[in-house]
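> One-letter residues, chain by chain:
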Amino acid sequence: MWIGLSYACWGISVVLALWMLYDWFKVDTTYSEAMLTSSREGELEAVSEKHRI
Amino acid sequence: MTAAVETAQTTTIHGDRVSLLRVLGPAHVWALGVGIVLVGEFTGWNFSADKGGALAALIVCWIVGLLYTSVAMIDSEVTSTVAAAGGQYAQAKHIVGPLMAFNVALFLVFAYTMLEVSDAILLGDTIVAKAGVEGLTHNSFIAATIVVLAWLNYRGVLMTLNVNFVITAIAYVSIVILFFSVSPWTQGAVLKLNELVTPGNALPYGWIGVIAAFQFGIWYYLGIEGTTQAAEEVRSPARSLPYGTMAGMITLLIAAAMTWYVCASLMPWEYLGITYYPLWDAGKLTGSPLLENLLFIATLLAALASANGCINDAARAWFSLGRDRYLPSWFSAVHPKYRTPYRSILFLLPIALAFAFIADLNQAITFSILSGVLQYTFMSINIMMFRKKWPLGSIRRGYTHPFHPLPAIVLFCLCMVTFFAIFLGFGSQLIAMTVFYFLISLWFHFYRYKFVRRGDQFSMPWPKPQGY
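Residue numbers (the numbering used here), protein chains in the order written: chain F, 15 to 67; chain A, 567 to 1034.
Careful: at least some of the hints might be erroneous.
Stated by the list, open to error - Quick list of the computed label-pair ranges, beta carbon to beta carbon: (1) F:Met-15 with A:Phe-923: 23 to 29 Å; (2) A:Pro-855 with F:Ala-22: 22 to 28 Å; (3) F:Tyr-21 with A:Leu-972: 52 to 58 Å; (4) A:Trp-751 with F:Lys-40: 57 to 63 Å; (5) A:Ile-743 with F:Ser-46: 41 to 47 Å; (6) F:Trp-33 with A:Thr-752: 52 to 58 Å; (7) F:Ala-48 with A:Phe-989: 45 to 51 Å; (8) F:Val-29 with A:Pro-957: 52 to 58 Å; (9) A:Gly-772 with F:Trp-33: 42 to 48 Å.
To be verified - Derived, one-sided and incomplete: chain F residues facing chain A with beta-carbon distance under 8 Å: (10) Trp-24; (11) Ser-27; (12) Leu-30; (13) Leu-32; (14) Tyr-36; (15) Phe-39; (16) Lys-40; (17) Val-41; (18) Thr-51; (19) Ser-53; (20) Glu-55.
Read the hints as simulated data drawn from the structure, not as lab findings.
Positions of the beta carbon are idealized from the N, C-alpha and C atoms, including for glycine.
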C-alpha cells in the first residue's frame, strides 16, 4: 500500500506541475506584461477606506 | 501634534490593473500564523531538552514566549499602519530604508522557504517511519507536499487559508485531546513529572544549558510574524492583523505549555531531547491506539499547514521585491483570474524542491531560524525608529502596543542571547549567513539599486517624519 501511495504522490506531483506550467504559459501569452505587473503597493487600502487622522 | 490628513484615492482594480484579492478575515490571519508555527510543537522544541534538560525546555518556552509576544505586539502596531504585501519588508522600506528592506525581504524568503523545506522533509520522514517498509524513501512525499501546496497557493489565497484553518484547527485540537486524555490534574496515573523531572536532573548542564536551549526554544513560536504577509489581502488590515496575530500568539502559548507538560511527564529528558516526534511518541506512550493514530495524523497536518503558510509568505515577499524593482519586475505579476503572485510561487517551487532533496533537516531549519532571528533583531530597531519618526498621534495606527520601549528592548536582548546560543551550536552557519547577507547587500547597493524607481517605492500617505 505504501509503495503504491508513493507512486501516486509522484503522479499527482507531475500532473499538477504540468498543469501550472500550462496555465503559466496560457496566461503569459494571453495578457500583456504591463497588465500582469500593474499591481501597486497600497492601492487596495485606498479603495475602500478614507483615512482620517 | 496631530495632523489632519484625508486621502480619498480612486483606483481601477477591475479595469486595466490587476492586484491581489482582498478576501481574508481575522480567522485566516490566525490560520496563517498558527499554521506556520504549530509544527514546532510536534517536533523541534524538544531538542532544547537535549541542550539543557526538561526544565530548560520549560524556561525557554516562557522566555522565548516573551520574545515572540514582543514580536507580535510590535508587528501588530507597524503592520496595522503599513498594510502592504511583503510585511516586514514594506515596514523596513518606509521606516529604515531600501538596503534594510532588501535584506529583510531576503530574511523572510530564506526563513519561510527553508521552513517549508523542513516541513516537507518532516512529513516524508514521518510517513516512512509509520510505514516501516524497506525501500520506501521520503522523496515522493516531499515532492507531493511541495507541489500540491504550491498548486493550492497558485489557485487562490482564500482556499489556501481556508484549508490551513481546518488542518491547523485539527492539529491543535489533537494536542488538547491528548492533554485531557492523560488526566493532567492527577500525577501518577499516567503522567510522572515528579519522577522524570527531579532537582537532580532538571538542569543537567546548569544555566549555560538554558542559554544553549534558546536555539531550539525558537521552534515553539517560529513564524507567527508571518501573519503580516497577508496585509494586502485582508479586508480590514487595521483590525484583522492585530486581532489575528495576538489571538494566534495566545493560542500558541497555551499549546506550548500543554505540549511541554505532557511530554516532560511521559518521557525522560534524555529521550525527549533526541526524538523527532515528541507528541506522536507521547500518544504511543499513553497506550491508546486512537491517540497514537490521532497524533500521527496531527503531525502530518501540522507539517502541511506550516509548509502551506510558508509558500504563501515567501511568494509575497519575493513578489514585493519585484514590484519595487529590487528584483526584476517580472516577479511582480499577478494572476488575472486567481489574483495570486503566480510567477513568484512558481519560481520558488523548484528551489524548495532542490533544497528538500539535497539538504538535511538540521541544515534547513538552522538557516530558517538564523534568518528569523535576524529579522526579529531588525524589528526591535524598526519600532524604535517608527515611534521616533512618527510619534503617537501623527499617523493613524490600527493598534498601539503598550509599554514602549520595553518590548523592543526585551526583544533585542533576547535576540542577542539567541544569537549566542546559535553560535554555540552552529557557529560556522551563522558566520556563513552573515557573509552571504553582507555580499548580497554590496550587490544591491552597487548594482541593483540603480534599476529602482526611487519615488515610486514609498506608497504610504504619511506626513514627513519628525526631524526631516
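> So, as I understand it, the hint says F:Ser-53 touches chain A; can you test that by seeing if any CB pair is closer than 8 Å?
holds, 5 Å
> Please verify that hint: F:Tyr-36, Cβ, nearest Cβ of chain A, below 8 Å or not.
Violated - the Cβ of F:Tyr-36 stays beyond 8 Å from chain A, reaching only about 12 Å at its closest.
> Classify the hint on F:Val-41 as holds or violated, based on whether any CB of chain A lies nearer than 8 Å to its CB.
Hint holds; F:Val-41 Cβ to chain A Cβ min 6 Å, cut 8 Å.
> Against chain A, with CB atoms and a cut of 8 Å, does the hint on F:Trp-24 hold up?
holds, 5 Å
> Do the Cβ positions of F:Ala-48 and A:Phe-989 conform to the proposed distance bound of 45 to 51 Å?
holds, 48 Å
> Using Cβ atoms only, decide whether F:Thr-51 comes closer than 8 Å to chain A, and label the hint accordingly.
holds, 5 Å
> Would the hint on F:Glu-55 stand, with a C-beta cut-off of 8 Å toward chain A?
Because about 4 Å separates F:Glu-55 from the closest Cβ in chain A, which is inside the 8 Å limit, the hint holds.
> Close enough to count: is the Cβ of F:Lys-40 nearer than 8 Å to one in chain A?
It is violated, given that the least Cβ distance between F:Lys-40 and chain A is near 10 Å, above 8 Å.
> Indicate whether the distance between the beta carbons of A:Ile-743 and F:Ser-46 respects the range 41 to 47 Å.
violated, 53 Å
> Taking 22 to 28 Å as the hint, is the beta-carbon distance of A:Pro-855 and F:Ala-22 inside that range?
holds, 26 Å
> Measuring from the C-beta of F:Leu-32 to each C-beta in chain A, is the shortest one below 8 Å?
F:Leu-32 check fails; min Cβ-Cβ to chain A is 10 Å, beyond 8 Å.
> Return holds or violated for the Cβ distance of A:Gly-772 and F:Trp-33 against the range 42 to 48 Å.
violated, 56 Å
Violated hints, listed in ascending order, are 5, 9, 13, 14, 15 and 16; each of the other numbered hints is respected by the structure.
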